[in-house]
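Here is what each chain is made of, one letter per residue.
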Amino acid sequence: MSDAKIKKIRVGVASCGIAAGAEAVMDLLKKEAGAIPVEGTGCLGHCYAEPMVEVLLDNGESVIYRDVKADEKAVRNILSVGPENRFEIPPVRKAKELVKVLALAGRIDPTSFEDYVANGGYKGLEKALAMTSAEVIDEVKLSGLRGRGGGGFPTGNKWGFLAAKQADEKILICNADEGDPGAFMDRALMESAPHQVLEGMLIAAYATGATKLFIYCRAEYPMAIKHLKIAIAQIYEHKLNVVAGRELEIIIKEGAGAFVCGEETALIASLEGQRGTPRFRPPFPTDKGWMGYPSMINNVETFGNIPLILREGGAEFAKVGTEGSKGTKIFALAGDLKYPGLVEVPMGITLREIVFDIGGADPEKVKAVQTGGPSGGCIPVELFDTPVDYDSLKKLGAIMGSGGMIVIGKDRCMVETARYFLDFTHRESCGKCTFCRVGTTRMYETLERNVAGKGEMSDIELLENLGPKIRMGSLCGLGQTAPNPVLATLRYYRHEYEAHVRDHQCEALQCNALVDLKLDQSKCVKCKLCIKNCPVGAISDDFVIDNTKCTRCNTCLDMCPKKAIRRVKKGSN
Amino acid sequence: MTEKYAFLEKVGREPSNLIKGLQAVQGVEGYVSDESIRAISEYFGIPEVEVEGVLSFYAQFKRVKPGKYKIAVCDGTACHIKGSPLVQEWVSRALGISDGETDEKGHFSLETVACLGCCSLAPVMSVNGRVYAKLDRKTTIKILKEYEAK
Ligand SMILES: Cc1cc2nc3c(=O)[nH]c(=O)nc-3n(C[C@H](O)[C@H](O)[C@H](O)COP(=O)(O)O)c2cc1C
Ligand code: SF4
Ligand code: SF4
Ligand code: FES
Ligand code: FES
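Going line by line, the protein sequences match chains A and S. Counting from 15, one number per residue, gives the positions in the first sequence under the working numbering. Counting from 98, one number per residue, gives the positions in the second sequence under the working numbering.
If you are wondering where the hints come from, they were derived from the structure by calculation, not from laboratory data. We put the beta carbon where it would ideally sit given N, CA and C, even for glycine. One should not assume that every hint holds.
Restraint ranges, calculated between C-beta atoms of paired labels, are given here [said to hold, decoys possible]:
1) Lys243/A - Tyr128/S: 21 to 31 Å
2) Lys107/S - Thr562/A: 39 to 49 Å
3) Val452/A - Glu145/S: 28 to 38 Å
4) Ser130/S - Gly327/A: 54 to 64 Å
5) Lys137/A - Ser130/S: 47 to 57 Å
6) Ser130/S - Pro236/A: 22 to 32 Å
7) Ala247/A - Asp196/S: 10 to 20 Å
8) Ser94/A - Ser130/S: 48 to 58 Å
9) Asn133/A - Ser130/S: 44 to 54 Å
Produce the complete structure using the sequences and hints provided.
Here is the structure:
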């Protein structure tokens with residue numbers, strides 16, 4: 015390998031690569047690489063190893079480097095295809111994952127039309143255009159693809175509804191709002207392979223007869239928006255926006271920071287320039303959507319699957335997955351684990367395999383995993399043999415959601431976790447339904463009381479009582495699912511709630527109001543770092559912490575070279 | 098329409114572009130002022146109260162002028178689990194402002210946001226859109242110092 019010449023160098027400069035410092039690496043490489051082209055690429059999904067650099071050799075092989083620093087040594091190592099910091103996909107992960115939808119992510123320059131086409135891009139569209147629109151829909155039905163936005167509605171059927179409509183104009187909308195705070199599958203796909211999402215949309219437009227195509231993308235994703243805009247300009251340039259003689263208009267609209275706008279009817283209202291409040295269905299958007307026109311909404315990842323289905327055929331696609339859930343699913347792994355990042359796996363894989371084998375989490379330290387974000391529930395480690403598919407997760411009181419998967423360690427408090435989610439949902443409720451607006455606020459206040467050590471046993475009953483009522487009395491999915499994080503934690507971790515409200519104790523030592531700080535004099539070397547750095551002067555000159563002054567900011571824990579300061583149960587000082 | 102808001106012409110005049118218009122204004126001025134609301138109302142032919150009604154719905158729109166450096170501390174799920182409340186506390190203490198506030202010099206403003214999409218590098222914050230990852234107390238303070246000097 016050492017005699018082979020470097021053909022090209024690629025640096026992962028998706029959002030998270032940049033956050034890890036990839037830009038400086040790229041600048042330095044460009045300066046030092048002479049005639050070798052240095053390109054940006056999207057995301058390989060191995061966030062834990064960012065910044066990453068791939069060296070492509072003229073013999074067709076490639077070497078990937080991890081944790082690359084922006085310094086001389088690292089650059090020299092790369093340019094000489096040296097042995098330091100080489101990256102290998104962990105073998106267990108390699109054995110379990112199945113990379114299909116993300117195959118091009120981190121492998122092409124996302125701003126290059128040619129790169130996409132050279133890697134099979136727009137072959138799916140070509141195939142679709144050679145079929146009748148009804149045949150395309152049949153192919154999607156055959157694939158068994160279900161919506162990746164969380165609801166899991168069969169995609170082919172939805173397409174069929176829109177195709178059957180007669181109207182002056184039909185609307186297609188790509189839901190790129192990615193509202194689950196802790197999920198980034200859609201961001202990575204749009205940043206890394208924007209044409210793939212757009213190809214899916216073009217195929218859908220052909221199959222359904224839609225002519226106005228919207229992408230509703232959250233404003234927090236500037237790079238995704240930029241890459242999509244570049245890709246759209248290229249589509250116009252290559253006239254790919256003309257399908258079956260119809261000219262399509264593709265429009266990007268930026269969201270404005272409201273979680274509820276991920277819900278389809280709210281999203282449509284927002285696209286109309288109004289407040290993003292959901293409305294009652296029926297009429298469904300496919301009957302009456304944007305400005306009254308029949309409209310269809312699919313998620314980013316759903317569209318991302320479409321070119322594959324057309325390329326390999328629906329039957330082939332359906333070979334992967336389980337009876338009711340076909341294909342692969344992308345998950346965004348984060349939280350308490352060793353290898354956070356993106357992973358694409360076949361449906362039906364177990365949580366155990368994802369969290370432990372792929373994510374490298376320590377089985378001794380994991381308490382639960384949260385799927386589906388604020389709409390989902392936690393699943394305790396005891397149930398990790400559950401296969402990941404739409405129906406199995408639902409049975410556990412959780413949901414598949416859009417793919418956010420947060421691993422929760424044993425040192426996290428579940429009452430606080432539930433409080434966090436209700437804080438989110440009660441603020442994001444659009445306020446239309448009383449049960450959602452007032453109910454979630456009531457739940458939030460109760461949980462807030464509990465973590466502050468001011469709860470009572472009756473609070474648990476109150477929460478259990480409110481949950482089903484909020485579910486029943488809410489119009490949209492936000493309210494209907496808002497109690498899930500509370501009810502799921504109550505179901506599996508009731509003892510933690512009881513400890514908070516009855517004994518005013520937080521076993522995880524996370525809830526500040528239920529924790530004291532303790533300075534262990536026997537370990538202390540009297541360096542006074544803690545005293546000097548405490549922002550509120552809570553540590554006395556004779557090394558005692560005044561817990562009535564201390565704000566639990568953890569500065570002293572951080573500073574102490576001897577780990578002499580610890581969090582302890584309140585009152586045990 | 099006043100010269101000042103001539104850039105609105107780039108946004109189509111259909112009422113469905115109202116949010117886009119507001120975004121354009123905030124993009125240029127950093128916030129949505131009373132004056133700009135009047136201009137928008139006039140441009141789209143939508144009453145001022147309706148413009149206010151729409152903009153107040155969306156968290157993105159600011160009605161007060163933000164600082165030169167806009168700090169957004171992520172409090173999405175991954176960041177929360179990884180200790181974002183502490184990051185908020187450190188930043189807040191270092192700058193003397195809390196969530197939603199701007200300091201007196203107009204140098205910094207602080208807000209918490211739900212997820213910047215870099216969850217695997219949690220906890221994160223951004224300063225004028227540039228994301229800083231894997232924050233601990235030292236790096237957070239160091240970053241703030243850098244911007245303070247600017
Ligand atoms: C409160 C709420 C938030 C939602 N957020 C999103 C989102 O961010 N992205 C998404 O694709 N779907 C979201 N959905 C689901 C959409 O309403 C819709 O079902 C989906 O976009 C349909 O696309 P699919 O069939 O391809 O999944 C949300 C639903 C609710 C109730
Ligand atoms: S359930 Fe909540 S968010 Fe949904 S429409 Fe009702 S009030 Fe609004
Ligand atoms: S920082 Fe630690 S070792 Fe130093 S004085 Fe404080 S407790 Fe003692
Ligand atoms: S490496 Fe791209 S999502 Fe993290
Ligand atoms: S939760 Fe903070 S970046 Fe996603």
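Status of the hints after comparison with the structure:
no.	hint	verdict
1	Lys243/A - Tyr128/S: 21 to 31 Å	holds (25 Å)
2	Lys107/S - Thr562/A: 39 to 49 Å	violated (58 Å)
3	Val452/A - Glu145/S: 28 to 38 Å	holds (30 Å)
4	Ser130/S - Gly327/A: 54 to 64 Å	holds (56 Å)
5	Lys137/A - Ser130/S: 47 to 57 Å	holds (50 Å)
6	Ser130/S - Pro236/A: 22 to 32 Å	holds (23 Å)
7	Ala247/A - Asp196/S: 10 to 20 Å	violated (38 Å)
8	Ser94/A - Ser130/S: 48 to 58 Å	holds (56 Å)
9	Asn133/A - Ser130/S: 44 to 54 Å	holds (48 Å)
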